[in-house]
Amino acid sequence: MAEEELWCNHVRQNKDKFRDEGVSTVSSIDQARVETSVEDKYSSYLDMKDMDGQEQPRLHRGRHIAYLKKGLTSLSDRFTSLDASRPWLVYWCVHALELLGVQLSKEEAAGVVEFLGKCQNPNGGFGGGPGQYSHLAPTYAAVNALVIIGTPQALQLINRSTLVEFLRSMRTEEGSFRMHEGGELDIRGVYCAVSVARLTNVATESLFANTVHWIMRCQSYEGGFSGAPGMEAHGGYTFCGLAALTLLHAHHLCHTPALLRWAANRQMKYEGGFQGRTNKLVDGCYSFWQGGLFPILHTLLAQEDVANLSTERWMFNQEALQEYLLLCCQHSRGGLIDKPGKASDFYHTCYTLSGMSVAQHFTSTARHRTLVTGPKDNELIPTHALYNVGVEAAVSATQYFNSLPVPIASSPASQTEAGDATDVQDTDKQTTTATKPSCTCDTTQVKT
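For the sequence shown, position 390 (counting from the first letter as 1) is numbered 390 according to this note's numbering, and the numbering increases by one without interruption.
Just so you know, these hints were derived from the structure itself, not from any lab.
Computed from a prediction, not measured in an experiment: that's the story for all the values here.
C-beta atoms are modelled at their ideal positions from N, C-alpha and C, and glycine is treated no differently.
Misleading hints may appear alongside valid ones.
Unchecked claim - If you anchor each label on the Cβ, the simulated ranges turn out as follows:
| id | residue 1 | residue 2 | range |
| --- | --- | --- | --- |
| 1 | L371 | V26 | 53 to 61 Å |
| 2 | K376 | S105 | 38 to 46 Å |
| 3 | E173 | T73 | 29 to 37 Å |
| 4 | R63 | K106 | 18 to 26 Å |
| 5 | R63 | K376 | 44 to 52 Å |
| 6 | K269 | P405 | 46 to 54 Å |
| 7 | N123 | T25 | 35 to 43 Å |
| 8 | Q153 | R367 | 33 to 41 Å |
| 9 | T25 | E114 | 49 to 57 Å |
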């Protein structure tokens, strides 16, 4: 890789730094500090490259695998505060290992399934740990982890009949979803509910009545989506909103040009990574929350026959993102980080690798193109654009669950909400026929 091919070489030209126009604020000071730390990383790499002329940005795969494997088996007491997020810890580790091409041993997979089984409640859904009440966020994490493992034991663990009852109990009349009984209500809950319902084939029209309308109320004047109607657009919420709309086959209602403009402007000119909101700092995790929008947007625009749509790459700088992640976000002891100077954690390891996977793999209809920065062994497996599990795992799980009948609402409350049982069953039959996700990046056309 020649130096002129490296995007980060722009730091030597002192281009694209933030300008405060003579008005210093807390935000501008923080931005300048981050740019300095990123400049140090890029300059150190370029200086080293000048000396040997061969070194390329390298993914420290072995260190990350060791870090993640340890996270699956033993955690220190400093993780006590995450006791209610244990399925998340499992998902972050399992998915990151999946992206790195690591398949769990039979013993490791069985251990994960056994633990998640202890988190599943008799009334449906999964709690943040054994004995904790059901919550949509760890339910999403647990289902994704089980889908990644993909064994019959893992997929059969999910009690779909009680799961759909739990989802119904979280639903509000306006179509949104609470995270747990008496809990907060925002677009994350909607996405978690839609994602697990689609993956496990329990989605019905009655379950998501008015949900599309509620999601659309969250698209802000900026173009992105907020956590709830009337709030500020945010990367994580925007991914949840767009992915949920796409899974509900209502993406045509989204103001796509405004969203594309907002998302494209979240990539930082100097650092190369993404920020989560306007006037905020770069963060490795937004490599997926923002970067993951582009495969979905590309597919939607392709369906609209938009002129001049690339058939070679996404609509963001894929090389710049990979260089930021490889040179600024790898911790020397394993794991990935938010930005230089931060500690590694499983959350950022999962989502920075997910974003790197998006940047490496372009898919348009039957075409698949890899764009890997650094040596070939930096390549990760493709991640699913809507669920953020491996594409093959998502396809396999979808095929398995779509071979099963959709559970019919059994509780009086659910049947009252949905109409009579016949209406629910008819709707379910229609939903079951949608065996292939609406975004082309979901299909079996994608090859590793």
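Discussion item. Taking 38 to 46 Å as the stated bounds, is the beta-carbon spacing between K376 and S105 within them?
Written reply: 26 Å, violated
Worksheet entry | Consistency of beta-carbon spacing, T25 to N123, with hint 35 to 43 Å | Between N123 and T25, where Cβ atoms are some 49 Å apart, the hint is violated.
Worksheet entry | Outcome for the supplied range 29 to 37 Å, where the beta carbon pair is E173 and T73 | 44 Å, violated
Worksheet item: Between K269 and P405, is the Cβ distance one that fits in 46 to 54 Å?
Response: 52 Å, holds
Worksheet item: Cβ-Cβ distance between R63 and K376: within 44 to 52 Å?
Response: 19 Å, violated
Practice prompt. Evaluate the given range 53 to 61 Å for the C-beta pair formed by L371 and V26.
Written response: 37 Å, violated
Worksheet item: If you check the beta carbons of Q153 and R367, does the distance land in 33 to 41 Å?
Response: The hint (33 to 41 Å, Cβ to Cβ) holds, given that Q153 and R367 are roughly 36 Å apart.
Worksheet item: Between R63 and K106, does the C-beta distance stay in 18 to 26 Å?
Response: Taking Cβ atoms as reference, R63 and K106 lie about 25 Å apart, which means the hint holds.
Worksheet item: In this structure, is the beta-carbon distance linking T25 and E114 contained in 49 to 57 Å?
Response: Holds: the Cβ-Cβ distance is about 51 Å, inside 49 to 57 Å.
Going down the numbered hints, you'll see the structure goes against 1, 2, 3, 5, 7, while the others check out.
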